[in-house]
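Input sequences plus hints: build the corresponding full structure.
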Amino acid sequence: MNRSKDLDTIAPDDDVISQSVAKATQEPPLKKKDTKTEIKIEKPSVENLTQKIYHILGHTKSPFSSFLVRPKVLKFTEQDDEEEIFLAARPHFITNISWICLAIIMLFVPLFFKYFSFLDIFPAQYQFTLRLFWYLFTFMYAFENFLSWYFDVFLVTDERVVDIEFNNLLNKHFAEADLSKIQDVSSSVRGVLGTFLNYGNVLIQTASETNQITFENVPNPEKIIKLIEELRDLEKQKGETKND
Amino acid sequence: MINFLTDNNLNSYFFGVTKFFFIICSVLYLVFALIVIKQVSSMSKSVKDKFNTILIIFSYLHLAFSIFLILTTIGL
Numbered sequence: 001m002n003r004s005k006d007l008d009t010i011a012p013d014d015d016v017i018s019q020s021v022a023k024a025t026q027e028p029p030l031k032k033k034d035t036k037t038e039i040k041i042e043k044p045s046v047e048n049l050t051q052k053i054y055h056i057l058g059h060t061k062s063p064f065s066s067f068l069v070r071p072k073v074l075k076f077t078e079q080d081d082e083e084e085i086f087l088a089a090r091p092h093f094i095t096n097i098s099w100i101c102l103a104i105i106m107l108f109v110p111l112f113f114k115y116f117s118f119l120d121i122f123p124a125q126y127q128f129t130l131r132l133f134w135y136l137f138t139f140m141y142a143f144e145n146f147l148s149w150y151f152d153v154f155l156v157t158d159e160r161v162v163d164i165e166f167n168n169l170l171n172k173h174f175a176e177a178d179l180s181k182i183q184d185v186s187s188s189v190r191g192v193l194g195t196f197l198n199y200g201n202v203l204i205q206t207a208s209e210t211n212q213i214t215f216e217n218v219p220n221p222e223k224i225i226k227l228i229e230e231l232r233d234l235e236k237q238k239g240e241t242k243n244d
Numbered sequence: 245m246i247n248f249l250t251d252n253n254l255n256s257y258f259f260g261v262t263k264f265f266f267i268i269c270s271v272l273y274l275v276f277a278l279i280v281i282k283q284v285s286s287m288s289k290s291v292k293d294k295f296n297t298i299l300i301i302f303s304y305l306h307l308a309f310s311i312f313l314i315l316t317t318i319g320l
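So the sequence lines, in the order shown, correspond to chains A and B.
The working numbering applies: residue 1 is where the first sequence begins, and numbers increase by one.
The working numbering applies: residue 245 is where the second sequence begins, and numbers increase by one.
In case anyone wonders, no lab produced these hints; they're calculated from the structure.
Among the hints, a few may not be true.
[As the list claims (entries may be wrong)] Think about it this way: if two alpha-carbon atoms lie no more than 25 Å apart in a straight line, the pair counts; the simulated BS3-like pairs of lysine-lysine are: (1) A:K172 with B:K263; (2) B:K263 with A:K75; (3) B:K282 with B:K263; (4) A:K172 with B:K289; (5) A:K223 with A:K75; (6) B:K294 with A:K75; (7) A:K223 with A:K181; (8) B:K263 with A:K72; (9) A:K114 with B:K263; (10) B:K282 with A:K75; (11) B:K289 with A:K72; (12) A:K75 with A:K52; (13) A:K75 with A:K226; (14) A:K75 with A:K172; (15) B:K294 with A:K172.
Dropping the structure here:
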């Protein structure tokens with residue numbers, strides 16, 4: 001015979017008993033409150049993460065920038081539907097300076113054609129074709145180099161680290177590593193320009209098939225390392241909570 | 245033999261060879277321009293970005309100029 005129930009029915013005004021019964025009946029709604037608070041905690045954590053990313057990386061707007069934080073337009077073929085790009089980095093723009101200078105010099109070379117006497121033996125139409133060919137070749141040289149830079153992209157997403165590279169317009173190189181499989185991240189800044197403009201290589205050691213991924217000549221290597229470490233820790237925490 | 249080596253013959257022979265060389269080069273350049281178009285479009289598919297359309301337009305312009313180059317060399 002349950003005594004508390006009896007007493008409650010006999011003397012319902014008794015404070016102690018009525019409180020205990022009330023507590024017993026209130027237990028299930030408390031659990032509901034817990035789930036609500038769990039959901040409430042998750043939502044700000046995503047916002048916190050984005051704020052943290054902006055805090056680490058700063059904001060960049062220009063699409064030609066070598067350091068794009070959360071680019072909205074940029075996407076890649078192997079990207080999952082819900083995968084978000086946190087950082088897209090290209091080699092620092094200053095690395096293009098050598099081919100830009102050479103292209104400018106090449107652009108002015110036809111102006112000196114008149115000083116080459118051996119070209120005088122050709123009729124004007126031949127000289128025009130030669131100039132046209134030269135300008136096209138110069139354009140192609142610059143365009144090819146620009147494409148190699150523009151499509152040489154390093155991405156840090158919420159799931160993995162991706163390196164997409166095109167060599168000589170004909171070879172595509174794609175390497176990726178899950179954030180959870182990243183073992184070690186290191187960076188190296190070399191040379192006068194690298195030190196002044198703060199760009200260098202980021203080396204990522206992984207436990208996946210691709211042992212090593214290198215981001216070459218990327219701006220702010222220390223920020224990239226910080227971001228990767230932050231995301232890796234978050235991924236580990238996620239994994240641990242799933243296991244629990 | 246002596247007639248063959250006259251100045252006019254030598255000139256026409258020299259310019260003929262030059263023209264042939266120009267045509268070969270421009271045809272090779274056209275092939276290269278076609279490869280560039282193919283490559284730019286595959287790059288654009290691989291990495292989608294805001295300025296991909298501009299780059300594709302540039303590659304087609306380059307093809308147009310390379311066709312113009314062939315026409316110019318044939319017309320020499």
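Q. Which numbered hints does this structure break?
A. Failing hints, ascending: 1, 2, 3 and 8.
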